[in-house]
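> The listed protein sequences correspond, in order, to chains U and X. Numbering-wise (this note's numbering), the first sequence opens with residue 11 and increments by one. Numbering-wise (this note's numbering), the second sequence opens with residue 11 and increments by one.
Honestly, the hints are just simulated from the structure, not real lab data. It should be emphasised that the depicted structure is a prediction, and the values quoted were computed from it without experimental measurement. Keep in mind that the hints are not guaranteed to be accurate.
Identical chains share a label here; the pair holds if one copy fits it or two copies do between them.
In silico DSS-like pairs for lysine-lysine, Cα to Cα no more than 25 angstroms straight-line [claimed, not checked]:
(1) K319 with K253
(2) K356 with K196
(3) K450 with K196
(4) K189 with K460
(5) K412 with K356
(6) K460 with K196
(7) K428 with K356
(8) K19 with K61
(9) K286 with K420
(10) K19 with K286
(11) K420 with K451
Protein chains: 2
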Amino acid sequence: MAPAQPFDKLLEIVGEANFHQDEGALTRFLEEPRGLYKKGAQCAVTPTSVKMVQKVMQFAYQNEIAVVPQSGNTGLVGGQVPATGKEIILSLSKLRQVREVDTSTNVMTLEAGITVLEAQKHAEEADRLFPLSLGSEGSCQIGGILSTNAGGTAVLAYGNSRDLCMGVEAVLADGRLYKGLSKLRKDNTGYDLKDLLVGAEGTLGIITAASMKMFPRPRAFETALLNIASPQVGVEVFEIVRKRAGNRLTSFELLPTIGMDLQLKHELITRDPRAKDAPTNWHILLELSLFEGDEDGALLGVLEELAEKELVADASLCNSLGDRQLMWLMRENYAECQNREAQSIKHDISVAIRDIPTLMDEVDAAAERIVPGIRPIAFGHMGDGNIHYDFLAPEGFEGDFKAFAPEIHKATYEILAKLNGSISAEHGIGQMKADLLAQKKDPTALDMMKSIKLALDPKNILNPGKILRS
Amino acid sequence: MAPAQPFDKLLEIVGEANFHQDEGALTRFLEEPRGLYKKGAQCAVTPTSVKMVQKVMQFAYQNEIAVVPQSGNTGLVGGQVPATGKEIILSLSKLRQVREVDTSTNVMTLEAGITVLEAQKHAEEADRLFPLSLGSEGSCQIGGILSTNAGGTAVLAYGNSRDLCMGVEAVLADGRLYKGLSKLRKDNTGYDLKDLLVGAEGTLGIITAASMKMFPRPRAFETALLNIASPQVGVEVFEIVRKRAGNRLTSFELLPTIGMDLQLKHELITRDPRAKDAPTNWHILLELSLFEGDEDGALLGVLEELAEKELVADASLCNSLGDRQLMWLMRENYAECQNREAQSIKHDISVAIRDIPTLMDEVDAAAERIVPGIRPIAFGHMGDGNIHYDFLAPEGFEGDFKAFAPEIHKATYEILAKLNGSISAEHGIGQMKADLLAQKKDPTALDMMKSIKLALDPKNILNPGKILRS
Numbered sequence: 011m012a013p014a015q016p017f018d019k020l021l022e023i024v025g026e027a028n029f030h031q032d033e034g035a036l037t038r039f040l041e042e043p044r045g046l047y048k049k050g051a052q053c054a055v056t057p058t059s060v061k062m063v064q065k066v067m068q069f070a071y072q073n074e075i076a077v078v079p080q081s082g083n084t085g086l087v088g089g090q091v092p093a094t095g096k097e098i099i100l101s102l103s104k105l106r107q108v109r110e111v112d113t114s115t116n117v118m119t120l121e122a123g124i125t126v127l128e129a130q131k132h133a134e135e136a137d138r139l140f141p142l143s144l145g146s147e148g149s150c151q152i153g154g155i156l157s158t159n160a161g162g163t164a165v166l167a168y169g170n171s172r173d174l175c176m177g178v179e180a181v182l183a184d185g186r187l188y189k190g191l192s193k194l195r196k197d198n199t200g201y202d203l204k205d206l207l208v209g210a211e212g213t214l215g216i217i218t219a220a221s222m223k224m225f226p227r228p229r230a231f232e233t234a235l236l237n238i239a240s241p242q243v244g245v246e247v248f249e250i251v252r253k254r255a256g257n258r259l260t261s262f263e264l265l266p267t268i269g270m271d272l273q274l275k276h277e278l279i280t281r282d283p284r285a286k287d288a289p290t291n292w293h294i295l296l297e298l299s300l301f302e303g304d305e306d307g308a309l310l311g312v313l314e315e316l317a318e319k320e321l322v323a324d325a326s327l328c329n330s331l332g333d334r335q336l337m338w339l340m341r342e343n344y345a346e347c348q349n350r351e352a353q354s355i356k357h358d359i360s361v362a363i364r365d366i367p368t369l370m371d372e373v374d375a376a377a378e379r380i381v382p383g384i385r386p387i388a389f390g391h392m393g394d395g396n397i398h399y400d401f402l403a404p405e406g407f408e409g410d411f412k413a414f415a416p417e418i419h420k421a422t423y424e425i426l427a428k429l430n431g432s433i434s435a436e437h438g439i440g441q442m443k444a445d446l447l448a449q450k451k452d453p454t455a456l457d458m459m460k461s462i463k464l465a466l467d468p469k470n471i472l473n474p475g476k477i478l479r480s
Numbered sequence: 011m012a013p014a015q016p017f018d019k020l021l022e023i024v025g026e027a028n029f030h031q032d033e034g035a036l037t038r039f040l041e042e043p044r045g046l047y048k049k050g051a052q053c054a055v056t057p058t059s060v061k062m063v064q065k066v067m068q069f070a071y072q073n074e075i076a077v078v079p080q081s082g083n084t085g086l087v088g089g090q091v092p093a094t095g096k097e098i099i100l101s102l103s104k105l106r107q108v109r110e111v112d113t114s115t116n117v118m119t120l121e122a123g124i125t126v127l128e129a130q131k132h133a134e135e136a137d138r139l140f141p142l143s144l145g146s147e148g149s150c151q152i153g154g155i156l157s158t159n160a161g162g163t164a165v166l167a168y169g170n171s172r173d174l175c176m177g178v179e180a181v182l183a184d185g186r187l188y189k190g191l192s193k194l195r196k197d198n199t200g201y202d203l204k205d206l207l208v209g210a211e212g213t214l215g216i217i218t219a220a221s222m223k224m225f226p227r228p229r230a231f232e233t234a235l236l237n238i239a240s241p242q243v244g245v246e247v248f249e250i251v252r253k254r255a256g257n258r259l260t261s262f263e264l265l266p267t268i269g270m271d272l273q274l275k276h277e278l279i280t281r282d283p284r285a286k287d288a289p290t291n292w293h294i295l296l297e298l299s300l301f302e303g304d305e306d307g308a309l310l311g312v313l314e315e316l317a318e319k320e321l322v323a324d325a326s327l328c329n330s331l332g333d334r335q336l337m338w339l340m341r342e343n344y345a346e347c348q349n350r351e352a353q354s355i356k357h358d359i360s361v362a363i364r365d366i367p368t369l370m371d372e373v374d375a376a377a378e379r380i381v382p383g384i385r386p387i388a389f390g391h392m393g394d395g396n397i398h399y400d401f402l403a404p405e406g407f408e409g410d411f412k413a414f415a416p417e418i419h420k421a422t423y424e425i426l427a428k429l430n431g432s433i434s435a436e437h438g439i440g441q442m443k444a445d446l447l448a449q450k451k452d453p454t455a456l457d458m459m460k461s462i463k464l465a466l467d468p469k470n471i472l473n474p475g476k477i478l479r480s
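Isolated chain U, as found in the complex:
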């Protein structure tokens, strides 16, 4: 099909193989994980070089056409799909070069279309660790994880995507190339443009490549699932473990027992991972990374102290790599088990870790008042204060559970505001939370953001309608 004007020029820039306009070809760019956003797009392009990305943006700038940057299309807040349908989608998925793996400086330079799993493998081949790990790691790509500052399960020890990134290369609204790749651990030469582009969800520039940190590979992991009485006990356990294990504590995940019940019910796991001597409603999935020079059995020492202090009723230790894989699979299934069970209402929020128990008491109570019998399934990265605070419809619930979403969101975000929490801990704002951000963010901060957006994207063509409402 011949593209409609003014896209002849765009077709010429990217070539036919990289120009996608008919409905079938567009589907993979438009369908996103939760199926919440259904706008179309004028077309999608898949440039194969940074130069080509620049030309696409020059074209878009001249013609004032809005552009939605996209890489793995795994975002959960509609940041990577159109807001109006008049946009063109600029997919970075064909920027696939590994430009360098430097084991001396421990930095890899990767283009935006490399998946996180591939990045992990490149590091592993160089006997290094790329610590970013999250559910969608097989599909999500460097461009996207940086644009959303993705988190994952090892933030506690290694930080989020922002912390793992030393510099970016990005195409600006008018097609100019910001050359910010860097292997410098220290560089105080002006404003921190890297951190401005990271987490900006493609609204200030399009990240085409990044310098990503690597770390020494742990020689072993020690992993256990602890039975604990309550989230409050979880906070106490965290403090003790962090003190004893320092930076070797790489994961500290809070898991309510309901998630494992559901996984068994829906056959997502076939073996119950929980220790059975003293069943509890709550669990901590705890992992230590051991390096050369660390003695085996560090975790055992920690568990003995926790048992002595009567904080942990029982625990299930992983004794093999297989055990560990199953444990982490179980952790990742916390989203899927909800899909299989019932309708759900979700939040991705964070507070200071000591405020987690208060948050949970108050949010659970508020939700119960709104929908008696509602089933909270609040889980996730307790060690960094980030809870995926989801609710399942009550057992046997009939009707449109999602109709309660506005009321439950409102109650949750009000409690969160009292605790100075974040309305988006790791998924970003996208389309989903742009209105919410406008209500909840410090108005001065919002004004600063708007000024910066206007300064760097005066025609508002970079992912409009995301983060900031125009």
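Given chain U's structure and the hints, the job is docking chain X onto it.
Positioned in the frame of chain U, the structure of chain X alone reads:
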């Protein structure tokens, strides 16, 4: 003395005790460590509350008067003193509140006028570590170290000031307050304004308070001074130590033997700290931090491996806290021993660690061509690629050594550019390097910085002439 118009209003805002206009009272705000900048100022004010800072900025904004924010006045590039003499100095040194020390979240909320040493002590009282450590820690203050993104000797394990900061509160050009204090480890709600304000040297906003990270206190340190043959061996040693010690490696400083010779000569130290069996021209000051659960003697294991591999000729171990203090004092004396010896020409630069040997070969050779007999004294944070690359006048040199500075700078920065290094690793740009930045920085990055500056400070009243030339 009655202040001249239009300062009546300013005097009224801050009160007489906080208004400083006569020459004597101004001295302490105007004299900076290296005595390079000699402009005056209209006056200095020392507001005692954030509200008062806001009112000062409202006044400055209305009257279009330029403001130089200052805290400890220890900066080395003229960022904290006036560029024209028409500015008013706004000292944050009376914002002295410790707003909170939260040991559960490991965050302290400190006002801008708290010194780094005080911050260390507050953390220590709470059985925590505030790891920032640098020569001027007794005087430099939170506002300044964040505005310059100061580094120091523990960047390797803990990062620079930016990494230690979770959020800031800042007064903007028009007096509005940006409320960005945060104890959230994860918060993806829009642009990263914290990191934009940190390192902006007071040109985008005035930091009045910050949320600073604390860490578990190490239970012990293991410190040694290694004799090595060359910087290249230093790189090899670094890779081995990092692999073996992981995050426990907190300092890795390169020290040429000349610095210790000079310290003995000028009686800055009374005991030679170097191991004598196999003298070398180069040394590494290495420190491991041990936490609960770490075995003593980790360093010995490392040293054995280094000896086996014939990388380290001999080493001097610190066997007491006193030994360690003396060793670090010796490290800190690397600036002072130059002052006592001769005129010097200095650079604060960084490259990827593997490029340090090339950098040093080429820069030394270039400097020798310019001034035969010139004495390089290149030292510092090798582990993060940051070398304080200084040169002393040749022995017996007479005349104006500093006259060679432009030529030596030019040669150094040209070599640095080839290696993609940074012209300012940790001291910032200030006035000293603003022209250099304009020449060396990626022009697109410079344009982005100018756009952001214009967006957030349209009247150019926040520390004008620093970082960006107007």
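> Taking the hints in turn, state whether each one holds.
Status of the hints after comparison with the structure:
1. K319 with K253: Result: close within a single copy only, 15 angstroms intra versus 35 angstroms inter.
2. K356 with K196: Between copies, since 17 angstroms is at most 25 angstroms while 39 angstroms is not.
3. K450 with K196: between (34 angstroms within a copy, 16 angstroms between copies)
4. K189 with K460: both (24 angstroms within a copy, 16 angstroms between copies)
5. K412 with K356: within (10 angstroms within a copy, 65 angstroms between copies)
6. K460 with K196: Answer is between; shortest inter-copy Cα gap is 22 angstroms, intra-copy 29 angstroms.
7. K428 with K356: Close inside one copy (19 angstroms), not across copies (50 angstroms); limit 25 angstroms.
8. K19 with K61: This pair counts as within: shortest intra-copy Cα distance 15 angstroms, inter-copy 56 angstroms.
9. K286 with K420: neither (38 angstroms within a copy, 71 angstroms between copies)
10. K19 with K286: Result: close neither inside a copy nor across copies, 66 angstroms intra and 73 angstroms inter.
11. K420 with K451: within (15 angstroms within a copy, 47 angstroms between copies)
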